[in-house]
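Asker: Read off the chains here:
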Amino acid sequence: MIRPGRLGLGGVVIAGALALSGAGLLRGHAGASPARAQGLPPARLPAPPPSGVMGFVVENFVPTIVPGMDSCPHGTAPRLREEYLRTLTADEAARLRRKENEKELTNLWHAYAFGAGGTNICSQPDRFQHALFPPVESKFAYGLDLDGDASGGGGKDGCAHGKFVSPDGLSGIDNQEYRAMGCELELRGNDGSGGDSLTGMKQFHTSGEWTQVILLKNVHSLVKDDDVEVIYANTADRPEIDNKGNFLRGLSFTVADKGARHRNVLKGHIRDGVLTTDPADIRLAETWGQGGARDIRGNRTQYHYLKGRLRLAFEPDGSLRGLVGGYRPLFDVIVSTSLGGAGSALVAGIDCSAQLAGLRKYADGARDPRTGQCTAISSAMRIEAVPAFINDLPTSTETALK
Amino acid sequence: MTAHRIWRWTAALALALPHGAWAQPADLPIPAARTLQFPDGIHVARIDGRAYYVDAKGRLLYGMDMRILLRAGPDPALYCQGDCAKAWEPVLAGKDAKPNIAFPHGYEGRSLPQAVPAGFYSQPQDAPDWTIIAGPQGPQWVYKGWHMVFVRRGDARSTRYEGADGKIWNTLKFIAPPPQPVAPPDVRPIVIDGDYVLADAKGRVLFTGDCGKDCAGWRPYRAGMAAAAIGPWRVAAGGDVAQWTYQGRPVFIADADTPEAIPPHARTMKP
Amino acid sequence: MTRSGLLPRGLVALGAGAVLVAALSAHGAAGAGGDVASTAARFAGPRITGLRRLTEAQYRNTIADIFGPDIRVAGRFEPIVRPVHELIASGARDSSVSPSGLEQLDAIGRGVAAQVFDDKHRALFLPCQPHDEAAPDESCARAALLPLGRYLFRRPLTDAEGNGYVAMAGAAARTAHSFDKGLELGLAAMLESPQFLYIVETAQPDPQHPGVLVLDDYSRASRLSYTLWNTTPDAALLASAASGRLHDPAVLAATAAKMVKSPRFEDGIRAFFADMLLFERFDSLSKDPIIFPYFNSEVAAAMPEQMLRTITDHLLTRDGDYRQLFLTGHTFMTRALGGLYQVPVHKDKGWEPYQFAPGADRAGLLGQAGFLAIYSQTGRSSPTLRGRAIRELLLCQPVPNPPGNVNFTAVQDVKNRAMPTARVRLAAHMTDENCAGCHRLTDPLGLSLERFDGIGGWRTTENGAVIDPAGKLDKQDFSGAEGLGKLLAASPDASQCVASRALEYVRGQPSDDADAMVESLDSHFAASGYRIRALFLDAVTQPQVWEVKEPPLGAPTHLSLLER
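Residue numbers (the numbering used here), protein chains in the order written: chain A, -6 to 395; chain B, 76 to 346; chain C, -18 to 545.
These are computed hints drawn from the structure, not numbers from a lab. Idealized CB from N, CA, C, for every residue including glycine. Among the hints, erroneous ones may be present.
Computed, partial: chain C to chain B, Cβ under 10 angstroms [to be verified]:
hint: 1; residue: L107
hint: 2; residue: K239
hint: 3; residue: S243
hint: 4; residue: V447
Below, simulated DSS-like cross-link-like pairs (lysine-lysine); rule was C-alpha separation at most 30 angstroms, straight line [to be verified]:
hint: 5; chain 1: A; residue 1: K149; chain 2: A; residue 2: K354
hint: 6; chain 1: B; residue 1: K288; chain 2: C; residue 2: K101
hint: 7; chain 1: A; residue 1: K237; chain 2: C; residue 2: K330
Taking the hints into account, I'd like the entire structure generated from these sequences.
Answerer: So this is what it looks like as structure tokens:
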């Protein structure tokens, strides 16, 4: 009988793990440390199951932010209305801000979203030259050291960039997407504690729109193992949640092998309770489900990580916690907003053009040898996964035992 | 548009369609054709075992998926100019043809010079199979609302550009419209492996055959014992349950809509 | 005398449920529509000796069999009340229909009738074309309705009945200017008739045994079919009844033997065990979602199905020993149940076989979530309910109800760290001598299942304290579900209990007066290796089960709507 749940360590140990996670951040909070910098001591790591197979369903897959407004001393990126007013003289801006001129202002800033021939800043962001937003100015960010180059020089196929330090002490962190987008209201929120993107991502995962699973095979030790097969994939199966919104553990999922779902096979290494994978192309479904006439319900969007990799820590309660990182093609970052077209600009006040310009400026990966421009940007997402039974393929009888 | 009576031929063709012929674009399922009336010159041909639309010269038709091209400009119908037009030849509807569809606009539509004219199909997904759009070189055919029709210059029957350029290009595949067989009310055709077969209203596949000694999975397709015959279907009440027969052969029902659900030695039923 | 007529909605004026019983006539006697009251008083031929209301499942199966499974039966059925310590099959014999229940049946019947004669199905059930689609056509209506009536009433319609329904269809067709609407109403009236809603058992004197009444052939056909297949007699059974051959013990035995070998016997076994194990409790099953997050509507629906699949797989597919039903590790899983059991499930939809690992303590029925959940409280397990269920349902040992003034405080205080386990709490509760007597019967059994929580999820501790699965059945100590299963499998009471229930199920009355038959059945059951097919075949072929000893119902007080 396979019993669910913990890897054999008690609640006291959970508290200890939280202490390791740094800076008083609570688990599940927007800014919670996505992974321990160091694994658990070997003595506290349990043995893996005899089958060597472990399964997990990803409960959280959200952008990483270091919370607080210190990172964005100029505040969050302005809405399009404010951005338009900044293009005006102070007097004209003041005039338009007056209540009696609200309609005129609305017409003007709406017009600011459009260009010649009916183009608009979100459907055709390349056609506009709007000012960049201020980037994240803090030296702290979560992420992975993707290029292994402490200098930030970019190497042979990257571009020069700044390095971050993670709040739990890891250096050499590459996360230029965070630098470019980390002050967006959707990401940071009004008070710096996290914006709609974070809660929205949880909802998408819960709804089963793009649920991810992780299947580990050939695991012989959680202390040291250099030959772990990692299958990081989407599933079409919907998770069940408890009344607090937490995923139920011990449910079964099947890796989807059809349509736009994805199955990534990675080579993993375990050191002291931390799993890392070798760089590889990682593609995962990004189903925004906007459902508009022009949208194909996300079948054309995806999370694509060039040189992507995982760093996940085995937690005492049986879960996995950490990051997926890699270089994302620039337009991928804003594709969902772009799919929203002018509505993204007029309703949400988002300036996709400015976002794309920022991404281009800070791009640090996949340098085009012809132009010398980088076409991808370093990125990381926080992952929390709970034990589950994972069926690798519909025709397979293989099942992950937690 | 001229009527092309090819039903008999396409029905035979459908039998040979292999699994996987239904992806259009490359990663999305394609619905069956709604009509067997095609634009002048366009007909269906079999290429490498699959049924495709081709032009009068037998050149394979491609669709340019306008949904993918919005980033390039506010009207993706005008995308294929310059280098694109050198590689791709539009299938034109004639210079006097009147467009009846346009790429749908959202919020941005308010800034366009003119709204969608009356009589246009405003929702491409609801459009008939063949409509006409204002293309860069004149009125041009569109297939199923989204796919502007082209042929690849110099590649008469090649499918090598399937999914090319970020899935902009897709070959136009043909699935015959569903037949309407005379059958019990719960019976309808579904497509499996490129072929229409009969199923019940829940999509569970019907089949016939002889199970021999291993009859596991051979569940009778049940009829009401008071029901009368309909067409070639009869009710056999001699067994434990009243069971439909088709042309004298007992009919059974699988528990799913996939080929794997059918037991060995069973035969699906063609409408 | 009740007169028929059309309500403004086009309904048949059946009136209140009380009319139902009174509306029955002994079809063999009063078929000509004569003076029924006086006829019944002096009649020496077939007479009504019992009425058994169709259960919801039987109603649904009957409609599917007659009209096809695509005809939807939509509506709520008034449940048949279970007599204390008896089967619903016994309750069906005394079950009336309330006015609101009749309204429901009226709506359900009209819904069925509307589908049968809708555009999609009309061709299947209309063997002729009316002269005028907007007017009555007696001949065509007769051709359509009489064959349906034969299936619905499980016997040929009498002339009076046939004429009545045809006339009713004609009247409705005139009113509605639609021949089809007339047929629809005629059929709806049949579906609301007590002749359909009740299995009407008629008996006649046994020529071999003067003074003894035995069920007639059509009643035998219905009893065989509803007992063994939980549905209406099929064409072959009706033909056998029509030919009078079901009186021949050899023919009856051959017929029954064929029926228990049929895949359709599974429907009968499902219905029997659902009745025996009080599956109506699933209809009102609710659990605290905070305490039991794995319980949801999918799990609730899967629980009884898992038990029935386990039962039919073991007893029929594997032709297993009934006693091993308390020990088998074979079962079936769905994705939703897999979470509750914390086991892998491969198929994303539907059911798949599952074998519990040795030592899992998921022994047979007793380790199944359904059994454990319906014999628990909303927010906690209940050793007492579980123990009582084992005594009463599996061993046929009734346990008295608790007195009305019991103080349950100690048992319900599940968060009390001083009394962390149910064993400790029940021990405190049993200091009340008023309670101790019964709890000594139930709790030692139920406490062995305490490692299963209130929905059957596995646990080893409660409030931090290790759960002790020790149990005691009479004087025998055991541990856990598996230990309990072994004792039940070895208990002669368990096999005799199911034999007794089978007999009750067949006859529709408790077996209290049939000790000899029960002992005979149990003996034969043992000889067969405790095979369920053998038990039911034996039960339906005992000559005594076809005898009717109770006095027949009184003479009808008035005729149904069909008398004009």
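Asker: Against this structure, judge whether each hint is valid.
Answerer: Cross-check of the supplied hints:
A cut of 10 angstroms between beta carbons decides the hint on C:L107: the least distance to chain B is about 8 angstroms, and the hint holds. For C:K239, the interface hint holds, the least distance from its beta-carbon to any beta-carbon of chain B being 9 angstroms, beneath 10 angstroms. The beta carbon of C:S243 comes within 4 angstroms of a beta carbon in chain B, closer than 10 angstroms, and the hint placing it at the interface holds. For C:V447, the interface hint is violated, since its Cβ never comes within 10 angstroms of a Cβ in chain B; the closest pair sits about 44 angstroms apart.
The straight-line distance between the Cα atoms of A:K149 and A:K354 is roughly 18 angstroms, inside the 30 angstroms bound, and the hint therefore holds. The straight-line distance between the Cα atoms of B:K288 and C:K101 is roughly 37 angstroms, outside the 30 angstroms bound, and the hint therefore fails. At most 30 angstroms may separate the alpha-carbon atoms for a hinted pair to count; A:K237 and C:K330 meet this at roughly 26 angstroms.
Hints 4 and 6 from the earlier list are contradicted by this structure; the remaining hints agree with it.
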